[in-house]
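Spelled out from the first residue to the last, the chains are:
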Amino acid sequence: MNNLEVRIGSLIFKNPILLASGTCGNGREINKFYDINGLGGFVTKSITLNPREGNPPPRIWESYAGILNSIGLENVGLQKFLEEEMPFLERLSTNVIVSIAGEKKEEYYEIARNLRGCKISGVELNLSCPNVEGGGMLFGIDKEMVKEITKKVVKEIGKPVWVKLTPQAKDIVEIVKAVKDAGGEAVVLFNTFLGLAIDWKKRKPVFKRIFAGYSGPAVKPLVLRYVWEVYEENLLPIVGCGGIVSFSDVLEYIFAGASLVQIGSANFRDPWIGERLVKEAFKYFEKERVMDLIGIAHKNYKEVEE
Amino acid sequence: MNNLEVRIGSLIFKNPILLASGTCGNGREINKFYDINGLGGFVTKSITLNPREGNPPPRIWESYAGILNSIGLENVGLQKFLEEEMPFLERLSTNVIVSIAGEKKEEYYEIARNLRGCKISGVELNLSCPNVEGGGMLFGIDKEMVKEITKKVVKEIGKPVWVKLTPQAKDIVEIVKAVKDAGGEAVVLFNTFLGLAIDWKKRKPVFKRIFAGYSGPAVKPLVLRYVWEVYEENLLPIVGCGGIVSFSDVLEYIFAGASLVQIGSANFRDPWIGERLVKEAFKYFEKERVMDLIGIAHKNYKEVEE
Amino acid sequence: MVKDITGKVILNNNVGNNIFLLCLEAEEVEEVYPGQFAMLSVGDEYDPFLRRPMSIFKRDKNRYYFLYQVVGRGTHLLSKKRNKEEIKVLLPLGNSFPNLNKKENVLVVGGGVGIAPLNFLVDYYKDQVNFYTFIGFSSFVSEEVYLDLKKYSREFVISSEDGSIGYKGKILDFIPKDLNTFDKIISCGPSQMLKLLVKRVEDKDRVYLSLEERMGCGFGICLSCAIKSKDKVLHVCKEGPVFCGTEVIWDE
Amino acid sequence: MVKDITGKVILNNNVGNNIFLLCLEAEEVEEVYPGQFAMLSVGDEYDPFLRRPMSIFKRDKNRYYFLYQVVGRGTHLLSKKRNKEEIKVLLPLGNSFPNLNKKENVLVVGGGVGIAPLNFLVDYYKDQVNFYTFIGFSSFVSEEVYLDLKKYSREFVISSEDGSIGYKGKILDFIPKDLNTFDKIISCGPSQMLKLLVKRVEDKDRVYLSLEERMGCGFGICLSCAIKSKDKVLHVCKEGPVFCGTEVIWDE
Ligand SMILES: Cc1cc2nc3c(=O)[nH]c(=O)nc-3n(C[C@H](O)[C@H](O)[C@H](O)COP(=O)(O)OP(=O)(O)OC[C@H]3O[C@@H](n4cnc5c(N)ncnc54)[C@H](O)[C@@H]3O)c2cc1C
Ligand SMILES: Cc1cc2nc3c(=O)[nH]c(=O)nc-3n(C[C@H](O)[C@H](O)[C@H](O)COP(=O)(O)OP(=O)(O)OC[C@H]3O[C@@H](n4cnc5c(N)ncnc54)[C@H](O)[C@@H]3O)c2cc1C
Ligand SMILES: Cc1cc2nc3c(=O)[nH]c(=O)nc-3n(C[C@H](O)[C@H](O)[C@H](O)COP(=O)(O)O)c2cc1C
Ligand SMILES: Cc1cc2nc3c(=O)[nH]c(=O)nc-3n(C[C@H](O)[C@H](O)[C@H](O)COP(=O)(O)O)c2cc1C
Ligand code: FES
Ligand code: FES
Chain V
1 MNNLEVRIGS LIFKNPILLA SGTCGNGREI NKFYDINGLG GFVTKSITLN PREGNPPPRI
61 WESYAGILNS IGLENVGLQK FLEEEMPFLE RLSTNVIVSI AGEKKEEYYE IARNLRGCKI
121 SGVELNLSCP NVEGGGMLFG IDKEMVKEIT KKVVKEIGKP VWVKLTPQAK DIVEIVKAVK
181 DAGGEAVVLF NTFLGLAIDW KKRKPVFKRI FAGYSGPAVK PLVLRYVWEV YEENLLPIVG
241 CGGIVSFSDV LEYIFAGASL VQIGSANFRD PWIGERLVKE AFKYFEKERV MDLIGIAHKN
301 YKEVEE
Chain Z
1 MNNLEVRIGS LIFKNPILLA SGTCGNGREI NKFYDINGLG GFVTKSITLN PREGNPPPRI
61 WESYAGILNS IGLENVGLQK FLEEEMPFLE RLSTNVIVSI AGEKKEEYYE IARNLRGCKI
121 SGVELNLSCP NVEGGGMLFG IDKEMVKEIT KKVVKEIGKP VWVKLTPQAK DIVEIVKAVK
181 DAGGEAVVLF NTFLGLAIDW KKRKPVFKRI FAGYSGPAVK PLVLRYVWEV YEENLLPIVG
241 CGGIVSFSDV LEYIFAGASL VQIGSANFRD PWIGERLVKE AFKYFEKERV MDLIGIAHKN
301 YKEVEE
Chain R
1 MVKDITGKVI LNNNVGNNIF LLCLEAEEVE EVYPGQFAML SVGDEYDPFL RRPMSIFKRD
61 KNRYYFLYQV VGRGTHLLSK KRNKEEIKVL LPLGNSFPNL NKKENVLVVG GGVGIAPLNF
121 LVDYYKDQVN FYTFIGFSSF VSEEVYLDLK KYSREFVISS EDGSIGYKGK ILDFIPKDLN
181 TFDKIISCGP SQMLKLLVKR VEDKDRVYLS LEERMGCGFG ICLSCAIKSK DKVLHVCKEG
241 PVFCGTEVIW DE
Chain B
1 MVKDITGKVI LNNNVGNNIF LLCLEAEEVE EVYPGQFAML SVGDEYDPFL RRPMSIFKRD
61 KNRYYFLYQV VGRGTHLLSK KRNKEEIKVL LPLGNSFPNL NKKENVLVVG GGVGIAPLNF
121 LVDYYKDQVN FYTFIGFSSF VSEEVYLDLK KYSREFVISS EDGSIGYKGK ILDFIPKDLN
181 TFDKIISCGP SQMLKLLVKR VEDKDRVYLS LEERMGCGFG ICLSCAIKSK DKVLHVCKEG
241 PVFCGTEVIW DE
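Residue numbers (the numbering used here), protein chains in the order written: chain V, 1 to 306; chain Z, 1 to 306; chain R, 1 to 252; chain B, 1 to 252.
Watch out, some of these pointers could steer you wrong.
Below, computed lysine-lysine pairings styled on BS3-like, alpha-carbon distance capped at 25 Å [what the hints assert, rightly or not]:
| id | chain 1 | residue 1 | chain 2 | residue 2 |
| --- | --- | --- | --- | --- |
| 1 | R | Lys84 | B | Lys84 |
| 2 | V | Lys80 | R | Lys230 |
| 3 | R | Lys80 | B | Lys204 |
| 4 | Z | Lys32 | B | Lys88 |
| 5 | B | Lys80 | R | Lys88 |
| 6 | R | Lys8 | R | Lys88 |
| 7 | Z | Lys147 | Z | Lys159 |
| 8 | V | Lys279 | V | Lys32 |
| 9 | Z | Lys170 | V | Lys147 |
Chain B is nowhere near these chain Z residues, computed Cβ spacing over 12 Å in every case [stated by the list, open to error]:
| id | residue |
| --- | --- |
| 10 | Ile8 |
| 11 | Glu53 |
| 12 | Asn55 |
| 13 | Ile71 |
| 14 | Glu74 |
| 15 | Phe88 |
| 16 | Glu106 |
| 17 | Cys118 |
| 18 | Ser121 |
| 19 | Asn131 |
| 20 | Lys143 |
| 21 | Lys155 |
| 22 | Gly183 |
Worth flagging that the hints you see were computed from the coordinates, not collected in a lab. Every residue gets a Cβ at the ideal spot worked out from N, C-alpha and C, and that includes glycine.
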């Protein structure tokens, strides 16, 4: 077994470096820069049942060491995704996780049913969409809703299901428990944080929808905090995501308790970052196994304090 | 009336630029760099009833465009504060707000009683300390506790009371309502965010207390979001605090709904930042009044959308 | 093939009011065409975080020229770069201007630093195509900015809003009345200018515009740079930055 | 008076394994004493956010020298600065070494870049005091690093752990056995070295150490730089960085 290998649930990853949903297209674009089969895997751009045009411009805005985005889930919809993207995805020899989003519960289930027969590793539920049936609140902040959707998707798809959490949830640990109860195999911490930017020249919010998703290096300490807390509960494997730009960031996540990491915004700055991090991982883990170091900071902390 | 003047509650500020608690000592240090009477005011380092040594090193750690701190409320305690700092503070001709912290409710009240006779503008309650009587949870995340402490302090002190909120509270608007009900004159958004850093070389948390307070430019979009939300509720004047490093940041806060702003970590990089921002404010507000532009982005947004 | 090359600054001159001409020396990349752009990294650390899109103003073997205006933090940082400092550049990105045929009559209209991709175009086709070039600025720019355009165009007109160079006024006031005589019309500049220009052309399919939108990546993975076309969403970095006049809609 | 001066890089040389000697030209600031330090801004943007504390290695009118080791992001950025680039420097900060009396015999012990403040000290008092200087490095450093110390000391010993310069070994192995003969002992370097040195001196009040702790501000407002003394908390940037051997405790 290679030192970089990570098993979580029923999946095997050749290394812990994945790319995050919405930040690597559907693999093809990044594959022009390097062979994405060298990655532990990647998550496709969230798909919805019907095509979505996304939000009007501006869709992206820079803040200090972070970005705000309001893409609005632009995607071609399930049907076109199956026709145009799936053949490429099914030929890959790394883990492909398909991200699913919807504004109604039924949308998640229908997409799941349609993916059942596909040669993919599993799905990631993006529950950070407003639930149009439930008054516009995010699915992901309501533990009952998370449990219900996860359970049904697990049943429909017959493949590993990950749930990507939103940091807007008031009690993260409760949500992780819900995912576990429902049969999810891992939780992804996190989708973007809610943030605001004001265009001071125009004296109004930058984005049409006022708030936007905040990501990038700026959010790293906030996400790490929750990785630590969730790891302490010993509930489910954690996929860490937020602000990773360098290999030491990857180590911080693994030592804090993440089994795998996802690289998001950093792909925009440097399309080769995934490949580079895998190379650095090979060097660093020459004599040790990733699996033995997941959460090691907890052990080391307790030893010192006792 | 000068264009920069801001009135909130019973206080008048000659301009909206204040320095935040714990980031400007007790005024004296910054006063070596410029005359702090030129500021709208400043908030002293939080004092506790008894002296506190603070936390062991390291106490500060850098992240991307942000810092984590774990000072542990080092301070000389009420008695020495009254003897050594108060005479200087009472001679100032700008607003001096004294920040109060404690681990027991009674500590807040006793400090308030002792400050009653002092020539200060008011107090700011730092409720981001663990409540030792209440099992270590932060005072500031419990709306009943916030109400109780604020009410009693208002009574004891007979001066304006501001409450500084912690972003760790699950429902910020609820807390603001509690402050309003209890007679607080303003809310300060925010104290630091909970964050984590792992020392990847040592493979353990950087800080002895694991988590630390995250501040600096990285947190700005997160705080602005809440300034917007709280302003929409039209409950109490807002003092914005988090990540301000430039004058355009100040404008973002004011346009989003903050009546005043506090500058925190930026003082560490540039001790003159307060003076510089006041100068820029003079230039910018040559023809308009700050008071007329507080929250202007809400109005402008609604006009465009309708 | 898109490459991330490291360019050494060999020139970074102030050539107008907040306008700079930057030349980077780096490895020679194959197949870079007029209209394409690059993503320039403005610093090694993480603030600012994103790269900045810049049209290629000129390409001379292993030298790449950019003409840029200082508008915010990133371009300010760029303007501070001194000789020998290094800048990472992802290129070539995006589509390019349409191929021009021998002896075609092409009207070129540029506004401000929008002349950047047009300069590359004229330089590239200088021996084969008849260019009629009209460019406008808000204030004075030095000669290096328009030297090539002037030299390689049959007709060359420059204007400035404050009259400090060329005719006084907006450039659209000086372009030929009859636009039907041109085989192609190619333009880049402020969207207000593009909008008015397109309005004046009957056959919109003879007009090609280079557009701008805020970009996260520059190569199609973030979907930030969407603009609405008639029936679908187009991405400036992938389907553009050059669009045919028929593709673009100008409401909002 | 503490000032924020803008220094122009006029030298930034690699003088050892990850060690650099930086010289900045700026305005002349009054009253800068040996042992004091500066806070160097490593970039104009907000990542990295904080300034970096650096001892003053030498001061020559309007020129300020720093000797630093690249250990992380900030010092890496510093090492990339080229001639003419500007660096903002807050100085002078902290207390300073004690005044030295004429003809005193002073033992100077430095480890690695910890020699920086000692160099300023020896340069400052060179005509009046008898210095016995012992400095150690882990590997090779070029002569510019210790030229002054060598020239102005009665006795000068240098060692390196890998033997590539001077004696092979740690510098504490080479200092005189009898430390009672010195009027003062002044040291700066790794805390392990300081600890062992202090142990060997009987009268701890003749020892002066320059200490380090992580700093947020450098001038007393953030309380990051606290160290525990016997009965109270001391702040390296305010009460220090120079402490008397009696003040410091070395548990933990
Ligand atoms: C394909 C393309 C080619 C371009 N070519 C040129 C050129 O040759 N010369 C030139 O001066 N400018 C050009 N621009 C515009 C240039 O990219 C912006 O002016 C620049 O990014 C502003 O960066 P800033 O940090 O100074 O501004 P800020 O406003 O501080 O930038 C903040 C963020 O917004 C983005 N942004 C701001 N304005 C624009 C804009 N107009 N277009 C796209 N993104 C923007 C920045 O890239 C950055 O991510 C081009 C834009 C595009 C899309
Ligand atoms: C009074 C004083 C004088 C100093 N003089 C010198 C000198 O002359 N030459 C020299 O090479 N070094 C000196 N140091 C240490 C130097 O400040 C650090 O090595 C440097 O700040 C590391 O920055 P970095 O960004 O490369 O490292 P990083 O580890 O990336 O820095 C992250 C943060 O930690 C702080 N930090 C890291 N290490 C130290 C440290 N040892 N001491 C204080 N803060 C630290 C940084 O300032 C920064 O805020 C001195 C420190 C102090 C307190
Ligand atoms: C432009 C952009 C688009 C994104 N789109 C999606 C998406 O479609 N689905 C999803 O689950 N997350 C999406 N995300 C969130 C990222 O996958 C990731 O969770 C977040 O950006 C935090 O990671 P980072 O800090 O490394 O960017 C998007 C993020 C960005 C910046
Ligand atoms: C080193 C440090 C010490 C602080 N001490 C206090 C304190 O004693 N009391 C308090 O209410 N807030 C304290 N704060 C929080 C700041 O006042 C401010 O709320 C926070 O840093 C966010 O603002 P900023 O991003 O501008 O720094 C401290 C912050 C820092 C960085
Ligand atoms: S800029 Fe990222 S898709 Fe166009
Ligand atoms: S570094 Fe801020 S108080 Fe010493």
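**OP:** Check each numbered hint against the structure and report the violated ones by number, ascending.
**Re:** 3, 11, 12, 13 and 14
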